[in-house]
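Number of protein chains: 2
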Amino acid sequence: MQGIKPSMRSPLGREIPDQVDPVLEELVRGIIAQVADKWTMLILEVLEEHGTLRFTQIGKLTEGISQKMLTQTLRQMERDGFVSRIVHPVIPPKVEYSLTELGHSLSAAFCGVWEWAAARHADIEAARRAFEARNRAD
Amino acid sequence: MQGIKPSMRSPLGREIPDQVDPVLEELVRGIIAQVADKWTMLILEVLEEHGTLRFTQIGKLTEGISQKMLTQTLRQMERDGFVSRIVHPVIPPKVEYSLTELGHSLSAAFCGVWEWAAARHADIEAARRAFEARNRAD
DNA sequence: ATTTATACATACCAAAAGGAGAGTGACTGT
DNA sequence: ACAGTCACTCTCCTTTTGGTATGTATAAAT
Chain P
2 MQGIKPSMRS PLGREIPDQV DPVLEELVRG IIAQVADKWT MLILEVLEEH GTLRFTQIGK
62 LTEGISQKML TQTLRQMERD GFVSRIVHPV IPPKVEYSLT ELGHSLSAAF CGVWEWAAAR
122 HADIEAARRA FEARNRAD
Chain Y
2 MQGIKPSMRS PLGREIPDQV DPVLEELVRG IIAQVADKWT MLILEVLEEH GTLRFTQIGK
62 LTEGISQKML TQTLRQMERD GFVSRIVHPV IPPKVEYSLT ELGHSLSAAF CGVWEWAAAR
122 HADIEAARRA FEARNRAD
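Protein chains in written order, with our numbering: chain P, 2 to 139; chain Y, 2 to 139.
These aren't lab readings, by the way, just hints derived from the structure by calculation. Please note: incorrect hints may appear among the correct ones.
Since the list gives no way to pick out one identical chain from another, each pair is judged satisfied if it fits inside one copy or across any two copies.
As the list claims (entries may be wrong) - Pairs of lysine to any residue residues, derived as SDA-like cross-links and limited to a Cα-Cα distance of at most 25 Å, are as follows:
1) K69 <-> A131
2) K39 <-> E97
3) K69 <-> I33
4) K69 <-> I125
5) K39 <-> R135
6) K61 <-> D124
7) K69 <-> R135
8) K39 <-> A109
9) K61 <-> T41
10) K95 <-> L25
11) K61 <-> L28
12) K95 <-> W117
13) K39 <-> S106
14) K39 <-> H105
15) K95 <-> A123
Using the sequences plus the hints, can you model the full thing?
What follows is the structure, given as structure tokens:
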């Protein structure tokens, strides 16, 4: 069972006390936080499932998203290199979005967390019920 | 390369169109979102590194957290069964926190995302610089 | 009698996030 | 002439989030 931040081991097998470099750590944490954002996850999912899509199509497939958040999230994902944005200079405008290789790899990485959540959600729900019961008791 | 939500396959190898059950999906998404929260990640990390800790110790080890968020986050983690909270009925009060097995497993699951972020952060930074450059150009 | 220590709860307030809705530009079809 | 289409942008407003500051309980120590 490993920690959240993978402990590094030297070739000799001695454990190096997670001295990863605070700057990188901060960056990585920021990336994770952003990636785990509700809309980012949802859009990642629809693009993974449907391949290349246009702006309004993503909006329809992403239940409940506002236009503002759609634009904002897609921009952010483009900025970070997760999606590619191809503008066709026609009228009315046509813009196509799809996942880059980096986007696919991100999706794959999150797969593990999904599996964990799917496997353990029953335990979490049970814990919540137990917690509720304990607190009703006093 | 798999999707964010692991596609299920029947024994015949046919792909079942991720019809997982929207209720479970919503729950799982909620769990992920919460787990990826800044303070939750940090506290998970210090508890994984240091084992059992008291309230104020966690506060000191978790750089920049306010008392309010510490209480709030710990309660949430307790509620979900990630940490156990043992109250010693002494004065002044003594409360000890530690990760449960579920907490450790969560930490382990997130390890994959950390590895991905560490491996690919350079690509993300490069994408950001490229994006900046593109937008300065117009 | 007053201070100290610990683990909180509570109230108040500023900042940030995010939704709703209207506006824009340019061409195409009626 | 005018409505329709698409991919936005912009403004206004509400909700949420999170920090600060203060209060509380209890016994031991000074």
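Taking the hints in turn, this is what the structure says about them:
1. K69 <-> A131: Intra 40 Å, inter 24 Å, cutoff 25 Å: inter-copy only.
2. K39 <-> E97: Cα proximity of K39 and E97: one copy only (22 Å, versus 32 Å across).
3. K69 <-> I33: For K69 and I33, the Cα distance is within 25 Å both inside one copy (22 Å) and across copies (23 Å).
4. K69 <-> I125: The answer is between: 23 Å across copies meets 25 Å, while 33 Å in one copy does not.
5. K39 <-> R135: Neither: 31 Å inside a copy, 27 Å across copies.
6. K61 <-> D124: This pair counts as neither: shortest intra-copy Cα distance 33 Å, inter-copy 30 Å.
7. K69 <-> R135: Cα proximity of K69 and R135: across copies only (22 Å, versus 42 Å in one copy).
8. K39 <-> A109: both (17 Å within a copy, 22 Å between copies)
9. K61 <-> T41: So K61 and T41 pass the 25 Å test inside one copy only (15 Å; across, 32 Å).
10. K95 <-> L25: neither (37 Å within a copy, 35 Å between copies)
11. K61 <-> L28: between (32 Å within a copy, 21 Å between copies)
12. K95 <-> W117: neither (39 Å within a copy, 33 Å between copies)
13. K39 <-> S106: both (18 Å within a copy, 22 Å between copies)
14. K39 <-> H105: both (17 Å within a copy, 24 Å between copies)
15. K95 <-> A123: So K95 and A123 fail the 25 Å test inside a copy (44 Å) and across (31 Å) alike.
Going through the hint list in order, the structure does not satisfy hints 5, 6, 10, 12 and 15.
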